[in-house]
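The residues making up each chain are set out below.
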Amino acid sequence: MTPRHTAAPALSIGTEVRRQLGRRRTFWSLFIALALPLVLIGAFAIGRTSSPATGTRLSDLAQLGSANFTLFAVSAASEFLLVVIAALFAGDAVPSEASWSTLRYLLVAPVRRARLLASKLTVAVASTAVAIAALVGWSLLVGGVAYGWAPFTNPAGGVLDWGQLLPRLGVAAVYLLVSLLQVAGLAFLLGVRTDAPLGAVGVAVLVAIVSSILGQIESLGDLRNGLPLHYQRAWLDLLSPEVDWTAMRHGVLWSVLYFVMFVGLAFRLFRRKDVLS
Amino acid sequence: MYAVRRALGGLILAIAGLLVCAPLGLAGLAGQTDVVGESQRVSVGPEPAGEAVTLDVSVWRPATGGPFPAVLLAHGFGGSKADLVERGRALAARGYLAVGYSARGFGDSGGRIHLNDPAYEIADARVLVDLIADRPDVRTDGPADPHVGVVGASYGGALALMLGSTDPRIDSVVAVVTWHDLADAFFPQHAVAAGAPNSAASANSAASPGPGAASIERLPEPGPFKQLWASRFFAAGSSPSASAGSSPSASADVVCGRFDPEVCTHFLAAAETGNPSPALLAMLRAHSPRPLLAGLRAPTYLVQGMRDSLFGIEHADATARAIDGQVPALAVRWIDGGHDGVSSTADADEQALRDWLAQTLSPDPRSSPDPSAAPSTPDFVYAAPIPRRQSVAPLVELGDYPGLATWTTAPFADPQPARLASPPGGQPASVATVPGVGALIGGAAAYQLAALAGQSAAFDTTAFTERSIVVGSPRVGLTVTSSRADVVLFVSLWQVTGAQPTLTRRLVAPVRLTVTPGQPTAFTVALPPATWTVEAGSSLRLLVTTTDTTYAVPREARVDEVRVASGLLLPRIEGAADVADGGSDTEAIGVAVAIALLLAAIGASAWWDRRKRQHVPDRPDLADVPLVVDRLVKTYADGHRAVDDVSWRAERGQVVGLLGPNGAGKTTTLRMALGLITPDSGSVYLGGQPVHPGSPALAGVGALVEGPGLLPHLTGRDNLHAYWAATGRPDAEAAFEQALDVAALGGAIDRPVRAYSHGMRQRLGIAQAMLGLPDLLVLDEPTNGLDPPQIAAMRPILQRYAASGRTVVISSHLLAEVEQTCSHVVVMHAGRVVLTGRVADLVDASDTTVIHLDPAASPHLVTEVADRVRADAAVTSVAVVEDEGDCRLVITAASPRADVVRAVIGAGADVVGVSSRKHLEEVFLGVIAAAQTERAGQAGEPGSGQSGQSGSSDWPDRPDGTSESITEQLRQVRAR
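Going down the list, the protein sequences come from chains A and B. First residue of the first sequence: 1, per our numbering; consecutive thereafter. First residue of the second sequence: 278, per our numbering; consecutive thereafter.
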């Protein structure tokens, strides 16, 4: 009896993508991300006021045009929606297989355990990236149709034309993705540890909430910089005419640190884990 | 009045925050050197009325050693020596002798407040220097000349400067947030003479004023009365409770409290009219460092705040200019605190102050924890604006005060003249800043309160194209045409980002001019010195108002037309780095290092694990055996030993049944065989290759363990394809058609699995296990959920599968099913293998006799017979099987069958039949009964859970202690 060695890797990325694609979870996550801009437009239409195009918040200027609308939608989503989506994609990846009892069959297929986690994590992060990209692209389109294509007016001063804005929007999307890695990493670790899909998501979101509460305690001072998601809004620095990269640099580094820590732990745990599910 | 005093408490706290809170950090050090404190009263000069005055004085010094350099500490207005205790002890712990006292008119000291009158308060301080000089434990520079410095904030700061100017024995002066000229503080004038530099060219000349130079060419007339601050100042000194010893009948005392009556009278007059009398101005000027500074020869350290609407940076600037060159050392520090708030760099400020004292007074290194070689204080340090999302201002150090300034001009976007009115009575008044607090509210409302409609004019610069750092006193040329002669205007500098103006530095420049009504008058405003960062894309706004709530304004109604005569002149200091980009980013470096360490740790850990993992070698001798289970042991985390030294094998062509009651360890064994669970010891070989998680040998195994695992959102067919895709092997090897035949789902194969029944899922699970026609098929309870025809259909499939040279392992409870399907069985019980062999051999064994008893026999009799037979030495085991009206004894014995039958009849049983052939069920029960009897015989084995009453008579008990026959257990199993 000779084991059949094969060239194709077990549980390739494509295979994992196909496993996740038809899921309602995936559908609803993307649906909500895409529904958000429409909901916002609806809300603006209902609450239409004669407010002038002034103010210091993105929401004040959201109706100026596609660019402002997109920035507002992304800023609104980045606070909570994207955090939940990232936690859902990453935290649900392994426990969902466990709950369908398919995890053991994948492992017997055999898929090496590190390979299984790597594929799952890659697809989870990629799904989050797709959600962000879809949100940005869809907001640009919907915002343009609803409010026109005016260039971006920064409520904090300055105007960015499309040529300046689009690359920065790309960087902002990448920054958001990187900054969500810490949430994804935590959710992934909890998923590997607990086998409870919603538990992993819930705890990851809870950590994000607790972190934002602690972030409001002034007396913690610079200690707060290390809180998960502390620099979540640093991408707004990209909107100034001159970009200050300091906060984004910190945000990226902290996020990568947490991601490496959580994912490293997850791999270590899973490699030795007795799969009983 | 009470409310005012409450507010004043806040003011004192704010000042205390600068100087008292910071030494808290030193409290730990105080333990290193024991500090001795003592109080005494010191007689000083009498009051003008002749009343004798003593001061309440405290001295703190290290318990041992000496002589020490001395530091005289002076408190702020409204305070007392109690404010100085912490600082005094902290300094003593660092090797200084610190002297703190309550000034005349404050605390427990006698006398009245003369507002730092050189003849009273300053003379008092000289008496204290005499006192210090008399102490033997103070270091001296000469006869009666102690080595002494003086440190004070606000009221005490002016005293420090004035004492240093009038007493040559002083060796170091530290003046924090204090005044240069008290008249300028209460009647500030920010209009400078026409012809002041308003172009970059003249600013660069040698005579150019530095960026801080706001005071040097002010117009001579006093500015508007800073009423709110003056009232607070007055209230702090006139507290009735403080006027001990004064006669309640004297009417002046009731109003003036502890103020000297002369000072009080002048103040009251100014407060009532809003205009200073010449006598008041003369008195205030005399009670200031300004006229005395020519005598200052001691090293001087000036700390002034940008959050200070009482004594702005222009005061320290004027002092610095007056003494520059005449003192051996001069250092200036602009902090972002002051009378309106605490510095964001309080800790660094305190350290800098300590360094200054160490540098100028050099305490004895033996009694000081820090060496006298303190870092030298830079000539000029300023706090840059706090960057976004940070809480501490970056500090910029320069080697020269004020450094070389260059002036840049920011043009105004719309220099149209604006008309603004001063309302009759001066009300309502614009609120730009709240004394003692700075800002009560922020955001858009703050601007709305400051820029009252009709009373204000706003001039915006064009948007800045690049980020600019402004350090110093910006200037602007204005022209005013007024309806009246007495014009009072207030100018403030707002930063506009987007549509939102923000008063970053909450300071207002008041201007008072005497003009000819109807004639334009040009003047230049020197705005309060501070530091600003103007981001590219934002702009600056000059706000001109006719009223300000802090100041007394003319009560007559007036209309002014104001136009900007120049651009906004902004001072920049050469070498002032853009601190936001400068400096090392310690946070980024720290986190990056942490990431690197973490990656290194992960790498090392992975390497170590790989090394540590016991490498189980291949077993070429087993290459031809599909499955070998070799001495497996597994104990779960809860201490339950599920599998205990289990060994068996499955050969090619065999259908092996794994039998055992619940909890026997069957599933755990199978999971270990599949690499899902890591055994504590022992190994599993598939074709001679050891199994570990992800082992490639598993490619030759198909499995169904504890129910099927299917993706509910995919159809049955897609599930098979998805599973096969996960293996990464080509579709050609999958044999989908055969698998679909096994599943026999018909049209349901293309429906989503979530709609499937239990049996359909089970069949799909078996089909999935057979994908790729694996050499070894492991099925755990495959008939679960199948109806009898489906079970019957499955049987030949499995047998044919094995007949093709492959191997099937089935674990099951259904003994009859196993008997019909399997060629071999492995019986497990309580984690051990109790029996292995061919089914045919097991059911037809020569040492076993099955005796059918009369079904009508009473159970009691059957039990009795069994006991008697069991008592025979040759009998190994006796099992009673009662089944559907049939009652059998299954007896295993070493003696011939005839003897056994004879023994049973002899025991009194009614035998109706004898056979050698038994069902697997009987074999199973027999071996398990024997195993349990054996275990029970090994009395007291902990954790075994078995409590068989004896080795002889009764059926073994269930682990949970309920006495129930094994047959009964079996029935329950079958009923499932």
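Just so you know, these hints were derived from the structure itself, not from any lab. These numbers were taken from a predicted model, which means no experiment stands behind them. Mixed in with the good hints there might be a few duds.
[What the hints assert, rightly or not] Computed beta-carbon distance windows for the label pairs:
{"no.": "1", "chain 1": "A", "residue 1": "LEU38", "chain 2": "B", "residue 2": "ILE663", "range": "58 to 64 Å"}
{"no.": "2", "chain 1": "A", "residue 1": "SER12", "chain 2": "B", "residue 2": "THR863", "range": "27 to 33 Å"}
{"no.": "3", "chain 1": "B", "residue 1": "ASP895", "chain 2": "A", "residue 2": "SER12", "range": "46 to 52 Å"}
{"no.": "4", "chain 1": "A", "residue 1": "LEU220", "chain 2": "B", "residue 2": "HIS917", "range": "43 to 49 Å"}
[To be verified] Example chain A residues on the side facing chain B (calculated, C-beta under 7 Å, incomplete):
{"no.": "5", "residue": "PRO9"}
{"no.": "6", "residue": "GLY22"}
{"no.": "7", "residue": "VAL108"}
{"no.": "8", "residue": "ASP161"}
{"no.": "9", "residue": "GLY163"}
{"no.": "10", "residue": "PRO167"}
{"no.": "11", "residue": "TRP254"}
{"no.": "12", "residue": "LEU257"}
{"no.": "13", "residue": "LEU265"}
Cβ coordinates follow ideal geometry from the N, Cα and C atoms, glycine included.
We went through each hint and held it up to the structure:
{"no.": "1", "hint": "A:LEU38 with B:ILE663: 58 to 64 Å", "result": "violated, 40 Å"}
{"no.": "2", "hint": "A:SER12 with B:THR863: 27 to 33 Å", "result": "violated, 43 Å"}
{"no.": "3", "hint": "B:ASP895 with A:SER12: 46 to 52 Å", "result": "violated, 28 Å"}
{"no.": "4", "hint": "A:LEU220 with B:HIS917: 43 to 49 Å", "result": "holds, 46 Å"}
{"no.": "5", "hint": "PRO9", "result": "holds, 5 Å"}
{"no.": "6", "hint": "GLY22", "result": "holds, 5 Å"}
{"no.": "7", "hint": "VAL108", "result": "holds, 5 Å"}
{"no.": "8", "hint": "ASP161", "result": "violated, 13 Å"}
{"no.": "9", "hint": "GLY163", "result": "violated, 16 Å"}
{"no.": "10", "hint": "PRO167", "result": "violated, 17 Å"}
{"no.": "11", "hint": "TRP254", "result": "holds, 6 Å"}
{"no.": "12", "hint": "LEU257", "result": "holds, 5 Å"}
{"no.": "13", "hint": "LEU265", "result": "violated, 9 Å"}
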